[in-house]
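*Asks:* Protein chains in written order, with the numbering used here: chain A, 1 to 209; chain B, 1 to 751; chain C, 1 to 330.
Warning: the hint list may mix true and false statements.
[Unchecked claim] When the alpha-carbon atoms are kept at most 30 Å apart in a straight line, the in silico DSSO-like pairs for lysine-lysine are as follows:
no., chain 1, residue 1, chain 2, residue 2
1, A, K66, C, K57
2, B, K244, A, K146
3, C, K47, A, K66
4, B, K86, B, K268
5, A, K146, B, K498
6, C, K132, C, K192
7, C, K39, A, K66
8, A, K204, B, K435
9, A, K204, C, K84
10, B, K149, B, K296
11, C, K10, A, K54
12, C, K2, C, K58
13, B, K382, B, K749
14, B, K271, C, K2
15, C, K256, A, K66
16, B, K303, B, K391
17, B, K271, B, K233
18, C, K10, A, K64
19, C, K84, B, K435
20, B, K703, A, K146
21, C, K39, B, K268
22, C, K47, C, K10
23, B, K244, B, K414
24, C, K84, C, K200
25, A, K204, C, K81
26, C, K39, B, K271
27, A, K146, B, K500
28, B, K419, A, K146
29, A, K54, C, K2
30, A, K208, C, K84
31, B, K703, B, K498
32, A, K54, B, K271
These are computed hints drawn from the structure, not numbers from a lab.
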Amino acid sequence: MANDQTNASPDASNEDRRFFLKQSIAIAGLSAVPTGLLQAALEPDDGPVGNAVKIQLSLTINGKRKRISVDPRMSLLDLLRENLGLTGIKKGCDFGQCGACTVHIDGRRTLSCLTFAVMQHGRKVTTIEGLSHGGQLHPLQEAFIKHDGFQCGYCTPGQLMSGIACIREGYADSPDEVREYMSGNLCRCGAYPNIVDAILEVKKEGLKV
Amino acid sequence: MKRQFADNELDTSLSRVDGNEKVSGAATYSAEYAVPGLVHAVLVTSNIAKGSITAIESREAETAPGVLAVISHLNAPAVPGWPALKQPAERAPVGTAFRVFYDAFIYFDGQPVAMVVADTQERAIHAAALVRVTYQQETHQTHFERNVKSAGIPQNVQRSKNSPFQDYGRGDADAIAEAEVRIEAEYTIPTQHHQPLEPHAIIAVWEANDKLTVYDKNQGVKSAQGQLAQAFKLPRDNVQVVSKYIGGAFGSGIRVWPHTIAAVMAAKQVKRPVKLVLGRDQMFTSVGYRPYTAQKLRIGASKDGRLHAMVHEGTGQTSMYEEHLERTVLATRAMYTCPNVSTRYRLLPLDVNTPTWMRGPGDATGMFALESAMDELAFALKMDPLEFRLKNYAETDPERNLPWSAKSLRECYKLGAEKFGWENRQIEPASIRRKGMLVGYGMASSLYGFHRHPSKARAVMRADGSVTVQSATMDIGPGTGTAMTRIAAKVLGLNAKKVKFELGHSNLPDAPGQNGSATIPSVGSAVHVACEALKSKLIALAVKMSEAGKSGGQVVVTDGQGVRNGRVFGSGADDEGVSFADILKYHKLNELEATEESKPGPERDQYSMFSFGCHFVEVHVNPLTGEVRVVRVVTCADVGAIINYKTARSQSIGGVVGGIGMALMEHSEMDHRFGRYVTTDFASYHIPVHADIPPIEVYYVDKPDVHVNPMGSKGLGEIAIVGVAGAVANAVFNATGKRIRTLPITPDKLI
Amino acid sequence: MKPFQYLRPKTVSEAVSMALDNPEAQYIAGGTNLIDLMKRGIASPPKLIDINHLPLKKIEHRYDRIRIGALALNSDVAQHKLVKTRQPLLAEALLAGASGQIRNMATVGGNLLQRTRCSYFYDVALPCNKRKPGSGCGAEGGINRTHAIFFNGSEVPSCIAVHPSDMCVALAALDTSVVVAGPAGERRILFKDLHRLSTKEPEMDTTLNPGELITSIEVLDNAFTGHSHYLKVRDRASYAFALVSVAAALQMDGGKIWDARLALGGVAHKPWRYWAIELMLRGQPPSEKLFREVAEHELQSARAGEHNAYKIKLTANAMIAALKIAAGIS
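Please model the entire structure based on the sequences and the hints provided.
*Replies:* Quick look at the structure:
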């Protein structure tokens, strides 16, 4: 999960910064509005045209750089699920109350339903689809299967993204600690004890997460 | 009978066959199918509880960017399976499922009144907020207590003499007055909602004018297929329903709900595939709920603890247009030996949407009351509550006077009590303190009726000896595919990796929906018999092959003793058998298929069939803040043979978690001035989080019930939750001396 | 959600001038509350000013105080060594709030401006004076189990909602000032003056002027370390708003309380600093009896509605429990 552990400051890479500046300047030049005003750039190829304005952004998703133009009202979650086909990450409540939409942004667990996609310009996003490499499951994914840490599977991607973060953050040293720091991820099937077992095992075995 | 499925070790169990898909995000749920040309629908719902729509102003929405249609009763395409509107318009009579966009009447707050379809979700949501609906409001009644006097015998029951919901009595109805020790108490459970993590969702695709495919979240593809075919007057096979992965349901997907019909209508109207995902708030008024239920129990016993009489009265709420009946008072007739028992069940229609079955429907509600009352009476008798239950153990079904098909509840009690350390419980409440917390122990029994329905399965062996088994059953979470794979692998003597199980599509062989803990008993039986049939075919072919001397020279399969490791064996001691693949190859078969149906038989009239269980709970109560934490649970079930220990255990744990939610926090609260719920999100409708759930120990008696089906296995889904709320409430009493009879047990009730 | 113009300023002054252009413009940082409100149609800013790129993340100690940048994330603040060692009460309160994910998104400035979680405020179909002034308070005659018991004297409140933040309860108990940038430059607001009570204008949560942007908070050093506790009572064990919460901090010496701080959450329209009790505790040796006396005496001023009478006793009990832990007596 190397690509997920970069430093946490936004716009870290020069490349990103250059792209950002270029875009700002282009827009400023185009519409003669103050710098920073990103309303512009109507995309001619964006299907049914309405009056909503689209904004371009650049994101690294699961290690791949993408340039996308979005309705600024679109949440990061909807961008991932509806536009990019990354349906592994789930919409459970859309109001930041269930954790099913958890992704990593610049390596930190985040609720993708509570942030607009445009706000994530320049960041690195990892979704559940980015966890396994070359068919090799992440150790926590393996542990979830072993400990049966799910039933219906709908909260599972969020539990996994959160569980990995929980271990990385250093909050997986005791069952009570895991329970507290995983409490932002609801599971209606009640797989909690098995999830806790899976996280503790991966932590205890000192596997790289 | 041999204990053929008695692998009581986690490491010999199968891990979920769909585990890889679920942990990697590859499992596709209803809203996630990539259908070309998909557009998005959003429901507009009523904010009055009773009245009628006088106007819908939709022009602003219609002209908003990206909007394709605003659909309401004013312009909705006709649903051919519904009767023409009456003139003058009339409210639907009792027994009419709610018809979406049918007329102007409002039956409940949150009722769909319009639907916006747009090219993107953002635009649909925005336009939905622009639709203005005006109403002629009428006085609504949503308050249970204020209306309880209007409760009555359900029309359904009045019409049917044999209804199990008829008033019941055995022995002397007035016997309660003569009991030496008796208690009388009223118990209430509030409305509670299923709230699976996946919101209900559908993608409706008209493939042609008379051909419909829906990717829909439901618990029965065959039943949804039938209902949609009926509503839209299509040949059954022209409707296909796909529900391969279901993100939990707990009963909310048993029916085809109005939003499903609405999405199909919309797809017809806009001539594009339509996706509709319910908002979390809409999940509170669209897909049923566990109904608010009030119960009164009077139970009495002799001084030495023999039950003398039980009177159980229950009243549940329903909608004005449908009757939803539950088994609320039924368990009381069968749970304990008691000579004098009477039960009464009533319904209270209110201006709300119709409730539906939610995990352990009726029994979870009724057993909360009965098991609380048993605890209260045990306390009055100064008896240990477990000893009291054992003293009134029903050796045969006291209601039907039939032998149990099997009952090992006594073993459950013993096992559970031992593992839990029940002997450390103090009868006197509030007598143990640990680290400043009040410590309490509680227990409760559990039961759930056995259900088995006709079901089919097809087993197909391919040339390489691997097998695909198919049935139109579902997996809302218990691990249906895993259990079926295990059954098939056992019967066929195959490694489970060589078995693939397919479900969740209406084009597969008939199976019942997933409810009532009936999947293993019904579909498991079908898989069992289909695989047995396939095995017989294989053996017959192997015998033929052997007779012709073509089985490799050294193998002599004359009597077809059995199958093992993908080979058919004869009776000879040094028999090496012949592989399935070789059998098919010899007979020049690309595949070998067997389809079978399995049905319950006369055993249902000879035996009374139930699953049983018990739960032991330790709680800590903060004496200052009234916060209750469940710190330990031991749950023990007698459900016949366990098919796959690992997934069974998870299901039991899940039931306990649901029961803890029911006991401690779940409460859908309505502001009756508006007839509207005010707890319509996960921040106000609390379900348990990680921190609420302690380690949960699960034990099974694991003895096959030889009378129920070929595997000797009964269902587990419901029994896992039935009784849990009672056990928690009883533990809270033991910790604090406070008897909380109205759920949920929140801090305000304990300080 | 209404379409909006999305802006991304690079400097504080650029941000402020963007906001001054349009009184309905809103700053967005973590977004964990504002996006929620926008999705429900409760906030519809025509302009959204994304301040995440402003350099306001720093956490540092200067002279006699910790200064925390407004964009510092709740999780970073809670884990910061300076905060953990010098202001453990603040760290504890932060960790009692929300979830690991939300704490990774929510900023200090945004947390200060969190709006109430009252169900009537959140449902546009119901009356709410805070959301729609003059429409009435839905909770007053409705479901008010989680609502306020402390008000501005005996005045009739137009809103009985409570402030939802945990962090703010700790900040109320400490010596905190809020630094804001506005058209006229920088100014400091004492924490007690940041939030308003609800008498006349319940739609106004704070005393910030149009266009003002919180840039940091400053918390003065103190001698409470080792004798502070944040206690949160809620309907489930985690990830729930407080029914009642207590931030208690004591300065102990020679078996006596020399200074005391007490603030409450979940009981009023703003974080509720309990000055009177603090005075009563000073100079006294700590005991459960003392804590019970002061708690119960002071709660005589509380007023409950139909469903929240329990909060009066719960508040007293929670204060006793928190003070006992802070004082180290069992």
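*Asks:* Next, verify each hint and record whether it holds.
*Replies:* Here's how the hints hold up against the structure:
1. K66/A to K57/C: Cα-Cα ~27 Å, so holds.
2. K244/B to K146/A: 22 Å, holds
3. K47/C to K66/A: 26 Å, holds
4. K86/B to K268/B: OK: K86/B and K268/B at ~24 Å, within 30 Å.
5. K146/A to K498/B: 20 Å, holds
6. K132/C to K192/C: 26 Å, holds
7. K39/C to K66/A: 26 Å, holds
8. K204/A to K435/B: Cα-Cα ~28 Å, so holds.
9. K204/A to K84/C: At roughly 26 Å apart (the allowed maximum being 30 Å), K84/C and K204/A satisfy the hint.
10. K149/B to K296/B: Answer holds: K149/B to K296/B is near 14 Å, not above 30 Å.
11. K10/C to K54/A: 21 Å, holds
12. K2/C to K58/C: 34 Å, violated
13. K382/B to K749/B: 25 Å, holds
14. K271/B to K2/C: Answer holds: K271/B to K2/C is near 27 Å, not above 30 Å.
15. K256/C to K66/A: 63 Å, violated
16. K303/B to K391/B: Given pair K303/B, K391/B holds - Cα atoms ~12 Å apart, limit 30 Å.
17. K271/B to K233/B: 18 Å, holds
18. K10/C to K64/A: 27 Å, holds
19. K84/C to K435/B: 26 Å, holds
20. K703/B to K146/A: Holds: K703/B and K146/A sit about 26 Å apart, inside 30 Å.
21. K39/C to K268/B: With a Cα-Cα distance of about 29 Å, the restraint between K39/C and K268/B holds, given a limit of 30 Å.
22. K47/C to K10/C: At roughly 16 Å apart (the allowed maximum being 30 Å), K10/C and K47/C satisfy the hint.
23. K244/B to K414/B: 40 Å, violated
24. K84/C to K200/C: Violated. K84/C to K200/C sits at ~39 Å, over the 30 Å cutoff.
25. K204/A to K81/C: 26 Å, holds
26. K39/C to K271/B: Holds. K39/C to K271/B sits at ~28 Å (cutoff 30 Å).
27. K146/A to K500/B: 20 Å, holds
28. K419/B to K146/A: Distance ~25 Å between K419/B and K146/A Cα, so the pair holds.
29. K54/A to K2/C: Within the cut-off at roughly 14 Å; holds.
30. K208/A to K84/C: 28 Å, holds
31. K703/B to K498/B: The hint holds at about 28 Å.
32. K54/A to K271/B: Answer holds: K54/A to K271/B is near 27 Å, not above 30 Å.
Hints 12, 15, 23, 24 from the list above are not met by this structure, while the remaining hints are.
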